[in-house]
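Chemist: Using the sequences and the hints given, assemble the complete structure.
Sequential numbering of the sequence shown, starting at 1, is according to full-length UniProt numbering.
Keep in mind the hints are simulated off the structure, nothing from the lab.
Heads up, a few of these hints could be off.
What the hints assert, rightly or not - Label pairs and their calculated CB-CB ranges:
(1) Ala-94 <-> Asp-12: 36 to 46 Å
(2) Leu-26 <-> Asp-97: 31 to 41 Å
(3) Ala-16 <-> Ala-100: 15 to 25 Å
(4) Glu-67 <-> Ser-47: 17 to 27 Å
(5) Ala-17 <-> Val-93: 15 to 25 Å
In this text, a Cβ means the ideal position worked out from N, Cα and C, and glycines have one as well.
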Amino acid sequence: MPRIFSGQRLRDARIAANLPLEYVALAVGRSAHSVRGYELGRTRPSSATVGLLADLLGLAIDDLFDEATDPTEDQERAALVASIVAAAPLPTVAQRDRIARLLTFRASASTGGGRDAA
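Modeler: Structure below.
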């Protein structure tokens, strides 16, 4: 089952480490607004930012993820694949590999193409 970034786990770890939101934001090179968005589940950090957060909080990267239980994620992924298939001729091997990487990255690390909201 896919794993999904957990803003609640991030918040719990930050509070347990007694670190202010602003400090965490500064330490990982993001705005406090962005980090708050991660904690509230409004946005998801990039994989690089997840690594920085885990290092800062003394956690394994996996400690910031939960099992995905939201069926809409699978529906969104299926709709994306269906729209790609319907809109274009069969992709080349390189295109299929890129699509697979993008879908895996999106499902496991972030929304919005893997970019942090700044």
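Chemist: Which hints from the list above does the structure break, by number from lowest to highest?
Modeler: Per hint list: 3 and 5 violated.
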